[in-house]
Each structure stands twice: as C-alpha cells, then as structure tokens.
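Peer 1: Protein chains in written order, with my numbering: chain B, 1 to 372; chain P, 1 to 441.
The hints are simulated quantities; they were obtained by calculation from the structure and are not laboratory data.
These figures come from a predicted structure and were not determined experimentally.
Here a beta-carbon is modelled for each residue, glycine too, at the ideal position from N, C-alpha and C.
There may be inaccurate statements among the hints.
Said to hold, decoys possible - Using C-beta positions, here's what the derived DEER-type ranges look like:
hint, chain 1, residue 1, chain 2, residue 2, range
1, P, Asp313, B, Ile189, 24 to 32 Å
2, P, Pro168, B, Ala161, 36 to 44 Å
3, P, Ala188, B, His28, 19 to 27 Å
4, B, Ala92, P, Asp326, 36 to 44 Å
5, P, Ala131, B, Gly265, 36 to 44 Å
6, B, Asp191, P, Gly421, 43 to 51 Å
7, P, Arg349, B, Gly186, 37 to 45 Å
8, B, Asp201, P, Asn355, 37 to 45 Å
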Amino acid sequence: MTRFHLAVALDGAGWHPAAWRDPSARPHDLFTAAYWTGLVTEAQRGLLDFVTIDDALSLQQATHFIPDDRVDQVRGRLDALLIAARVAPHTANLGIVPTVTTADTEPFHTSKNIATLDYVSTGRAGVQFRVGGFRDATHFGRRPALEISRENLRSPEIEQAVAERFDEAADYIEVVRRLWDSWEDGAEIRDAATGRFIDRDRLHRIDFQGAHFSVRGPSITPRPPQGQPLVTVLGHSEIPYTLAQRQADVVFVTPADASYIAVEGPKVFADLVVFLGSDKARLDELDGEQFLSDARIVTEGLADKIEELQQLGYDGVRLRPGVLPVDLIAIVDELVPELQRRGLFRTSYEASTLRGHLGLDRPASRYQGASR
Amino acid sequence: MTRKQIILGHYLGGVNHSTVWSDPAAGSQIDFASFVHAAQAAERGKFDFFFLAEGLALRERDGQIFDQDVIGRPDAITVLTALAAVTEHLGLVATVNATFNEPYELARQLATLDHLSGGRAGWNIVTSSDAFTGGNFRRGGFLKREDRYVRAEEFLAVARQLWDSWNPDDIVADQASGTFLRRPDAGAFDFAGKQFTVNGRFTTPRSPQGQPVILQAGISSEGREFAAGGGPDAIFSPYHTLAEAQAFYRDIQQRAAPYGRAPKILPGASFVLGDTLAEAEERHREISRAQITGRGAQILLETVWNRDLSGFDPDGPLPDVDPTPDAPLFIQGRARIHPDPFATVAEWRAIAEANKYSLRDLAIHVFSRTEFIGTPTQVADRLDAFVQNDGSDGFIIGSHLTPTGIDEFVDKVVPLLQERGSLRTDYEGSTLRDNLGLTVS
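Next up, chain B with everything else stripped away, as it sits in the complex:
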C-alpha cells in the first residue's frame, strides 16, 4: 500500500499567537540552538518525513498585510536556512525544509545555500519558497513597496502585481534548479594523467534570461547529494497552484471541506494546525481573540481526519503544532503510533535522503549529455 507522509511545520513558539504563554512553552529559548535542536530531535524520533522551518524577511504581525506594534506576541526570527544547517548534524534521517523568500534575494545565493544544506545534511535538504516583496520591500529599497490591505486585495492592480511576483518566483526557482544541475554528476574527475581536476564539458552555463532578470552560471557549488533538493510551496488559490504546478515537488494546500484539491504534478499535502497537547480555547482567551489560520484547524479526532485525507487522495499532511514543543511531542507519542497501528505510517526510516522518504528518484542533470 502507499505510505502516507507526515511533516511538521516549525515556527517560533508554535502557530497559536499565544503559544509562548502556554506553561509548557520556552519563550526565552526561541533564539537558541538548543531549542531548535530539541525540536528536530523530537521530529526525528517520530520518524517524520521532514520539518519545515518558517521564515519571512519581515517581523511577525497579528493580521496579514498589516504591520502592528503589538508587544504581547512573539516578535523576532532567526534565518531559517541557517537554523536548518545548525540542526542538521544532530539528526540522521529527518528532512529539513527552511523557508526562503524570493522577492529581494539572489537565486544564485539561494541555490548554493540549499545545495550546501544538502551537503551538511547528506541529502536531506529541501526548501519552501515564499514570494514576499510587498511591504518588506523597504527593507531592501530595490523596488517600491506594495501596500496590500484587506480592502485592495482584490483590486486589479494588486492582483496583477501579485501575479507578477509569482511569475518572477517561477523564474527564480527555475534558476535555482538549473544551477543545481549545472554541474553534472561525475564532473569532478581528478585525472592526474591529464592534469585535469574537472571535466569542463560536464559544467554548464545556465544562461537564463527572463522578463525580470538573467543569470549566467554555472554554480560555484557542485551538484548537491540529492541532485535536486526538494522544492515546496504553500498555496491557497489559483496563482500559487500554478507556481506549484510549474516548479514544486510538494505543495501544501488547505482543504476547506472533505474534498481533494488537485494540483497536477507535485505531491499534495493538506496543511493542518493541530492542538493535541495544548488547549486552544484557553490560548484564545489569553490572546483575546479567536485564532484563525490559513490552514485547517483540528482540535480533535486528528487520526480519523488524516485517514480521511489519505482516502481522498492526499499524499500527506503537514501539521502545524499550536504550541511547541508540547504538540510536537503529542504528535510523536500519540498520533504516530495510532497511524502506525492503522498501517498508514512507517515504523522505521527506509531511506536516508528526503527525496527517498517521499519515493522520489534522484534525477539526472537536465544537462547530462549536452556539451557546452
């Protein structure tokens, strides 16, 4: 039978804005290596396929699109890709998938950084691409900030601007992927007889020219252990689904009801916020308002819901723990054994790479056999 996949999304003290006030939370440790190492060690114990680590190039805010000056919620982040690098040596099988923003960063850097994460984790790296580039544009000063609000969200200008950002993101991921392929496997020959370290016919310029930018290549980093580290995106609507279809290996979607969201190409994971060891009602009370999420919120009967999702055709679920680490511990100690009992989840790791966990082959370079 097809195995179902289980991922956990890590962010700060958990996904509920009052998570840090839960008695089990460790709000003073959020910016320490020990905190993150503890979380991934726990995830590895639960045999999870991977963890994602959330990130953004702007401070957290209570409401989408609207910066605020609240002091009663977690504010502050570390760079997710570097958290991933820091915790990778402490785990052996777990896939590690940091978020990277595309809008004002360089695809050349991102490609080599994720490739490097793949090297330090020996084949367990992925990336969740986030588009960004709206209000946070002032942090870079390279393009005008796009002021999105609830009111103008559906206006033609904003819709067009958003579509352009996503189009640019598709180009960006294309560049990242071509750069991973720009060194063919076996390009390093160390041939003493001819004095050649490298067979340069197996190194390729990518010569990407798009509407928004161009990049020459090749990468400075050899092809990463997985060939192509796992590419993931989050989507709630047509525009991100199109991006996922073009570029992603995994897409996280929000099923509003008992239906399957078809996105052609990538594996489809349902995105759920879960409260297993924590009490959502009490957290809502602490925060002063009811917690809403772009993902589906589940407070009971999680194993049944997951089985239902599996039967609908989803490839996996990504669980966002309401409170860390307590809900992660409950996932590992309660949910995983229950899913194993139902024959839905692995009882030991069978692969050592992230692509391997997901049953994805290691692809050959797209440039294999092409001469420069």
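Based on the hints, put chain P in the right spot on chain B.
Peer 2: For chain P alone, kept in the frame of chain B given last:
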C-alpha cells in the same frame, strides 16, 4: 614586557591552485566531513577562529572554465553555522562580498550565526566591481570600481544599525503579564545613503556578541582609511617580511588611534615542516611543484600578460612578448592584483634573470610563497618572533592539503607556542570576541 598572545586562524582554502589535489592524501573539498575535520583540528589547537573565503564565479581562461585547479565550494555562512554544531569555542568567520549581497539579508544571516554559535560569528568584508561575477546575479555587475568602498562602508553602517536596532533586554517574554517585547518599536531602523535607502524593522534580536567580529583585507589608501576609521576589528596584512609588516602595522595603528581603535593585524601564512631544515625545504619544493604544474604556471602568468602563453615552454625562459592589458580579459574571475602589468613583467624578468628561473620557477616563486619552512621549533620561533616584534598580532594559517594539512601544525607547532607562553592552553571565554580579547560592542 608582557608576551603578546598569538592570534591563530585556520584558513581552509580547499580550492584554486594552492590546494594540491594530486596528492593521494587529498580529501574532498566539498563534503561536510572535510570541514568538520579541519575545524575540529583547529579547535584542538586552541585556534581563535576558522576562516572560509569566497568566490562567486568559476574562473575562466579564454572563455573556458579552469579545469586544472580544484573548484567547487559551499556557501561559507551555511557551512560555518553547521560547524557550530560540532565545535564549542572556535570563532567562525565567513568572507562575504558587499557588492553582491544586501545588508538586511546578510545582517540577519550573521546575527543568526552569532545566536546559533553562542557568539562566535565573524565577517570578512570584501568588495568587488567585477562584471563577470555580476553575470551570476540578478542585479548584475553594476558597481563602478571607485564606488566599492563607498558601498562597503555604507553596507557596514546599515548592518551595524540593524544589529543595534534591538537592545539586549528587548525580549521580556513574561508569561504572567503577557509582555513579550519591552517596546513596540524593537528592530526599527532607517538609513538613507548613496547606495542604500532602507527602513522598516529588523527581524533578528540582538545576538550574543552584539555585533559579529569584522575582518577586512585592503592595502590601498582608501582601504587603509576604511580599515582604521569605521571599519574592522581585524585586518589582513599581505606583508611577510618583518620590516614591511612592521611598517604596515605602525601605519594602521597610527591611522586608527585617533578613532580610539586598535585593529588586530593578521597576515595569511603557510608552512612546511620537516625533521630537519633540509627535509622541510625538499618537501616544500615538491609541494610547490604540485601546486604549480607547467600548465598552471602558464595560466598564472597569463593573469598578468593577459594573453595566451600556452606556446611558451614552462621550463624555458619567461615569454619574450609584452603584456596586452588593453585586450579583453583573458582570465576572468580572478582579482587583478597587478595594476601595472608592464612594471610587473619587468620586475619578474629581473628576478628570473638574477636567479636563472624558468617560467615555471618564476611562477612558483611569485604564486607559491610559503613563509614558514623548517623544523617545528624553527617555525614556532619565527612565528613567535614575528608577533613579538609587532610584525602582526597573529596569522591565518592555510595548508596545501584538504582537510588534514593543518593536523601536523596542531600536533607539532602548537605545543611549542604554548610552551613559550605565546598561545593559550585552553579557551578562557566562549565568544570570538573573548578569544581575540575584544570587548563586546
């Protein structure tokens, strides 16, 4: 007079001609295990820090990628952050270009490295104006040469404003009162300059060192002024003869004194050991000929001649043709370190004539300089004397062999420096600033 403590960094080069790949002992330049080995060896030797360089485009000769040298390296900050998991005291210094990065992104990466290593982050700031490298970046190679230091200085000013945008006590995280942040504007910043006009809020709370340690290379007059004034905590020096090094040391300290600064001066250095001086010299001869093959020698000289020299016998005399500096760049992606090729060629011809050097001998003489050759005692004596006489405050030690080249230095030279009282026998503090004796900024 108190004895100066020698600062030691280990530079794992791993790529380019100085790294010998034909040696059977040469390991991978890219596998994480190599970086772990070298960093842990440096920590065993009580080094202050581990250092990685950067190169953002593969070098080309006449439009074709170099195939004779080791190439293929990881991202420095990412590898160093992973190394924080397998080391405890060692500083972690990344070389990162100010031209092809943005302050907001890089400042948070460095602050993150500092958080996740418990205060061991360092940044070697370099600049570039090279359009060839720019081809790999969406923003392109846009910078005019004369704007390099303007951008570097502004970049550093923005980064420092970002690092200072959070106070050490901004995170209260008091569960009872529900106060996470002490003030609503933690992280606020605003900068308007020639290169950067940026504002908003920085994501990353203040890191253990406050600011990572800043290193810089640069011997031009603007570089020296930048170094002395607003700039770094430590400076690379290219000088290896004591008299030149002392003059540079004095010059920097004189320029820095009015600012109340005293940056550490650290030349790069390589070594070859032997049981006797003769044995060390013989080993050095072998290593330098492995580093610079006949073909490699032609290519190194082409960086100055800027024309094809493949027709000249490496074991024969220097090419009898003139350099063509105005032709399109023959070698791409390598910093041009000889501003006046005619003068350089004249100088090299004189050296070759005086020493009866072949083309390859000359390339070895110029490009494979090994400063410390001898028995462990001789090398320790000379390193120590150089520092005690204010030629520098220490060294950044590299090796021709990845990743194990540093081992014999750690095993044989380090104990001698410790016996002399010039090198710590254990780490006293936990941050890179502690290691270097710098205050937390």
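Peer 1: Next, verify each hint and record whether it holds.
Peer 2: Verification of the supplied hints:
no.	hint	in the structure
1	P:Asp313 with B:Ile189: 24 to 32 Å	26 Å, holds
2	P:Pro168 with B:Ala161: 36 to 44 Å	39 Å, holds
3	P:Ala188 with B:His28: 19 to 27 Å	23 Å, holds
4	B:Ala92 with P:Asp326: 36 to 44 Å	57 Å, violated
5	P:Ala131 with B:Gly265: 36 to 44 Å	37 Å, holds
6	B:Asp191 with P:Gly421: 43 to 51 Å	48 Å, holds
7	P:Arg349 with B:Gly186: 37 to 45 Å	43 Å, holds
8	B:Asp201 with P:Asn355: 37 to 45 Å	39 Å, holds
Checked against the numbered hints given earlier, the structure breaks only hint 4 and satisfies all the rest.
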